[in-house]
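What follows is the residue order along each chain.
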Amino acid sequence: MFSRYYGIFISRIKESFIYRFSSFVQVIASGISLFIIWYIWKAIYASAGTTSIGGFAFPEMMTYMTLSVIFNMVLATFQEHEIEREVRSGKIATYLIKPVSYPLVCFTRTIAGKTSQIFTRLIPLLIVAFFIIKISIPVSWIFLLSLGLGYLINYNLVFLTGLMTFWTKGNIWGVRLSRTVIVSIFSGSLLPLIMFPEWFVEIANMLPFIAMFHIPASIYLGSIASTDIISSLLLQGFWLILLTSFTFIVWKRAEKKMFIQGG
Amino acid sequence: MGNIIESRRLSKDYRILKRGKGRFAFFKTLVSRDYKIVRALKNVTFDIREGEFVGIVGPNGAGKSTLAKILTGILTPSSGKVKVMGLVPYESRRKYTQNIGVVFGQRTQLWWDLPVKESFNMLKHIYKIPEKDFQKNMKIFNKILEIDKYMMKPVRKLSLGERMRCDVAASLLHNPKVIFLDEPTIGLDVEAKHNLRQFLKHVNEQGVTVILTTHDMGDIEELCPRTIIIDHGKVIIDTPTSELRGKVSKERTLIIDFIGKPSKIKTRSGIKIIGREGDRILLSVDIRKHCVSDIVREMLTKYKISDVTIEQPSIEEVIRRIYKGEL
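In the order they appear, the protein sequences are chains A and B. So that you can map any letter, position 105 of the first sequence is 104 in numbering that gives the first Met the number 0, and since no number is skipped, the others follow by simple counting. So that you can map any letter, position 79 of the second sequence is 78 in numbering that gives the first Met the number 0, and since no number is skipped, the others follow by simple counting.
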């Protein structure tokens, strides 16, 4: 079933190497944001005069914030903008006339993009994290599975954002920006959720966003008891199934609304 | 041979949000649900037999593209039914598209930043083309279209003519039974146009059904034995191209060059002089009343003449008059 997409996967990886300079810049940007985070938290701990904020000692906080940068790098994709461009320019038609599913084409492209980033971005980032910032090693490697689920949940949101083009018939930049802000707050990637008031945490627990950062990060840090890991993964699985079904319904409606611009 | 495309009373409506006028119109359109219905296609019915080469023409906005999009499975019609190779394109899109080829003249399907070869390789996987067939087709394309010269060039560095050759080859890689070409010769120079037309003729001779939408009457005259004219969403003419002129034009123009000063020509019903310039006379002959060759013979025996040219209105002229509603 996936063999039809193999060519797209390979071509996309080759294509990504054309933009080596942009990869290089991204690595530098991640590095800079890590150092800014480092200095901000150093200043916060110094002025607070305590060794622990919200139960986090400084090295723990640095591990948490570095994980946030790394996980965000793993989750990040610009696929929604590519979808927007293809819908608005009508290029989407060139996929609709082939025996492939457009949602799977988009998914193949993000996975290919990620694969090429393992070497161009992830590995340099990991080197900085483990050898310079010296973050702690994962308590449980199950976090990789959890992060994978988080990736798929995030991708659903990204794809849905892209599909918004069918209804807004225009720019989705605003939708994307709002999503990014909401995700970064409610997923716990901006600040550990434990530092928010209780009512806020209760709301966050009812939303899918914790599945994108809070759960995999907690498994990594060991702040979820090993007996609770299964139920956390099940919760992620629940959100994934729910969102994927929703995406499927929205895509079916988008297909009916298909308007191909130009020519 | 049987029908490969059957279209029955195909209609397509577009809902367009009405935009008000005035300063607050923007806010009004945010909440209003006031739509205007635009009928892009109205009861389009036709059959196309296997192996035909059919030209679809019509002015901009006539509904050609909408029809092409329904036939290729991109759009769903509002009412009516269409079957191609026994399948409803927009219902079983993935199964259907395995056996069709599509070329959009104004939009490439190749990967912009990568060498052409890469796009062909990608298509090989998408259509699951067996290596043997792939190599065989590449050999044919290289021989006729000579695309091997730029297989390693990134698509963005190709000229329009080169790119179009590659696009057409790409659409045929998986041996489709039907190909849809949307203005494939747009913007091409004379030489490139000629090459492409030769190739399309060759493809059709191999038994592939070709549906061509175009504005270029040269394409129609050279390639399509049958022409369907669409205007305002309706099929207004569906006829063999050879009859298109005869059907709409009852006149021929004879351009007669006399030796010396033109003699006085006796005109009668069905023959009239429509112009004079020096030694030349333009004579209009009604072909319902006279046989053109008889008139030519008569002229040659009666007068001292150096040259006679018979002109029929160009297809372009005919179609222009059809669009204007004169015919």
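Since the hints were made in silico from the structure, they are not lab data. Where is the CB? At the ideal position from N, CA and C, for every residue including glycine. It is possible that some hints are incorrect.
Example chain B residues on the side facing chain A (calculated, C-beta under 8 Å, incomplete) [as the list claims (entries may be wrong)]:
#1 Leu74
#2 Ser78
#3 Lys80
#4 Gln97
#5 Ile125
#6 Ile128
Away from chain B, derived, C-beta distances all over 12 Å, residues of chain A [claimed, not checked]:
#7 Gly48
#8 Met194
#9 Thr243
Here are a few chain A residues that sit away from chain B, every Cβ distance over 12 Å (derived from the structure) [stated by the list, open to error]:
#10 Val26
#11 Leu190
#12 Trp198
#13 Leu234
Evaluated hints:
1. Interface restraint check: Leu74(B) against chain A, minimum CB-CB distance 6 Å, threshold 8 Å, status holds.
2. Given the 8 Å rule on beta carbons, the hint for Ser78(B) is violated: about 14 Å separates it from the nearest Cβ of chain A.
3. A least Cβ separation of about 17 Å between Lys80(B) and chain A goes past the 8 Å threshold, and the interface hint is therefore violated.
4. Checking Gln97(B) against chain A by beta carbon gives a least distance of about 4 Å; that is within 8 Å, so the hint holds.
5. Annotation: interface hint on Ile125(B) holds; nearest CB of chain A at approximately 5 Å, less than 8 Å.
6. Using the Cβ-Cβ criterion of 8 Å, the hint placing Ile128(B) at the interface with chain A is not satisfied: the shortest such distance is roughly 10 Å.
7. No Cβ of chain B approaches the Cβ of Gly48(A) within 12 Å, the least distance being about 52 Å, so the stated non-interface status holds.
8. With a least CB separation of 38 Å from chain B, Met194(A) remains clear of the 12 Å interface cut-off, as annotated.
9. Non-interface status of Thr243(A) relative to chain B is upheld: no Cβ of that chain comes within 12 Å, the nearest being about 19 Å off.
10. Consistency note on Val26(A): stated as away from chain B, and its beta-carbon is indeed over 12 Å from all of that chain's, at 21 Å minimum.
11. Interface exclusion of Leu190(A) from chain B stands, the closest Cβ pair being 35 Å apart, more than 12 Å.
12. A cut-off of 12 Å between C-beta atoms confirms that Trp198(A) is not in contact with chain B; the least separation is 33 Å.
13. Against the 12 Å criterion, Leu234(A) stays outside the reach of chain B, whose nearest CB is about 34 Å from its own CB.
Comparing the model with each earlier hint shows violations of hints 2, 3, 6; every other hint is respected.
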